[in-house]
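Protein sequences, first through last, are from chains Z and L.
Position one of the first sequence corresponds to residue 1 (this note's numbering), numbered consecutively onward.
Position one of the second sequence corresponds to residue 1 (this note's numbering), numbered consecutively onward.
To be clear, the hints were calculated from the coordinates, so they are not data collected in a lab.
Since we're looking at a predicted model, the values are computed, not measured.
Glycine included, C-beta positions come from ideal geometry on N, C-alpha and C.
Be aware that a few hints might be false.
What the hints assert, rightly or not - Stretch-level coverage of chain Z by chain L, calculated; a stretch enters the list once three of its residues show a Cβ under 8 Å from a Cβ in chain L:
1. 169-179
2. 183-197
3. 247-261
Take a look at the letters that make up each chain.
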Amino acid sequence: MQPRDGQKPFSRFAWLGREINEISPTFFKFFSKLPGTIQRSIKVTLPFAMLAIITVLPLDLDSKVQHALATFVCVSLLWTLGGLPLPVTALLVPVLLTFYGIFPHPADALVPFADPVVYLLMGGLILAAAFQKHGVDKRLAYYVVSRFGGDIPKVLLAFMLVAALLSMWISNTATVALLIPVVLGVAARVQEDKGRLSVLFLIGIGIGSALGGMATVTGSAPNAVASALIAQRTTWSFVDWMKIGLPTSMMLLATSWYVLQRTFPVTSRRLDTDPIRDELKRMGPLTQGEKKTLAIFLPTVALWIGGASIGGLFGLEPGFMSATIVALTAAVLLFLSRTLEWQDARSISWDIFLIIGAGLALGRGLQVSGAAEWMAAMIAGATGELHILIVMVVVAFVSVLLSNFMSNTATAAILAPVLISVADAMGVDLKFLVLVCGLSVSLSFVTPIGTPPFTLIFSTGMVSRKDLARGGLMVTVPAALIVVLMVFLMVGFGAV
Amino acid sequence: MKVLVVGGGKLGSMVIRQLRKNPRLEIVVADPHRNPCAVAEDRLCDFHLRVHVTPLNFKEVVDRVKPDLVVLARTTEDWEQSDVPMGAQYVAGMERELTKGDVPVLPVSEQVMGLH
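Same shape as in the complex, but just chain Z (with noise of 0.2 Å):
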């Protein structure tokens, strides 16, 4: 069998090129078309002449105010064209706040790199490697599509209900990579119908992964740094993000479910789920890692929840019982029970680190110098009188276009910041604006470069782009308008 559309699935940087050439203006038609050095010389070579311009250009303007703008638009492009990997970009960011002196002391733009919230996701990785270490995540897999018999449209919901669950406590990208070979295997026992059938569940894995990623703030990076920028004006914590992630998670999961079968419709009803009931029995008991993992995880996520009420009990310090403390006990006593080895550990891409404490910096530094406030007055200025759902509309739809295009974790890094001070300007919470930002940078399945667990489920070359355009844009217009609407009446009413 042939790849789908005449795609290559193993050439996916010629691609990369392609899929910009295809849904873009003439202008990166014109770029696509470049020598390959030249095009990474402009990506490069742009925004650090924009942050020169930017510089020394007479604006009437505070100097603070203008050297953080230049920072935050060389930083944003080099994120967006990726001139630079992420991670170095991010390195940038301290760098530069502290060289125009909008951070007098480095260590005032080295803080945001140990926010709390770092550590939270820190120790939620750490977890998630113990996860995929004894293969607690496969047996859950296995157990739930097994107990969903074999009709299709339940099978289509199982593989999108574990792949939320799994997503919310380890990562996207591994849920996917381990979901992608199950699904394949589960899709070859049709006759009939499979190439379709594969395409239906590897765009519900996909999507699955992405909405159960919104649940929890260790669940997906944009959380983390949505989650702390709001901990910093208000009180926020584990249980707040939940309150809305996971009610917003699992609407969104309904319907995307329903959209999903109507937009790719198959002639097949039943599938053979036996093979997986097999390999559930082959698995045998949980074995000694399953437990240990298991016995660390379930009471971490009781604590994450009700620590505060627990502690209470115990007059245990309302500190220890705070999220990011639990999980870094949790990781503690993972090594400390040999459950996981430092080894096991290198796996963790420990450069998501460094974009969220950089997205801080960068959050930090704009605020400090008065550029949030600029720009928020600028941005309040052109919205007018406009209702603030129409905003969050707007940001819903914004915060989606970028995250296809580049990561989710710098887009809300970049976003967020400045409409904290959209919101104050407006005179709204500005949860309203933060939380849409957040959660709409999540759904960003339109194209294959949108996120890592897209570029796994394209390289199957199962699914075409066309597939992944059609089955996106079907879910993300009513998925961005629910978020939206779930963030208007959460907060509107003070649920959240």
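Based on these hints, arrange chain L on the given structure of chain Z.
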């Protein structure tokens, strides 16, 4: 004896060179590239099947080639997944899925072959 080598990149070529020590073996390479290493540089295989082998089409490929043995010889680099987080785990999962059929399948480690 017919051997199907899945992957015609660097690792695939090394595997085929070993198999070639036995001239009685008939070797078929499955690789989606127009001119993979094993074909372009070494012309090591008897037949090149231009196909991207996944769990979804594996049975069809096996029915078509009818090999006595399948050797999985693809690296993370062959999959162009070496710079994607979890790319290695994804590739390992895909290859593991191929070992579940009725035909004997041997995955070859790139570490053992000295590619890592």
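Status of the hints after comparison with the structure:
Residues of the stretch 169-179 of chain Z with a Cβ under 8 Å from some Cβ of chain L number 6, which satisfies the need for three, so the listed coverage holds. Note: the stretch 183-197 of chain Z has 6 residues with beta-carbon separation from chain L under 8 Å; the three-residue rule is met and the coverage holds. Interface restraint, the stretch 247-261 of chain Z with chain L: violated (0 residues with C-beta to C-beta distance below 8 Å; minimum three).
Checked against the numbered hints given earlier, this structure breaks only hint 3.
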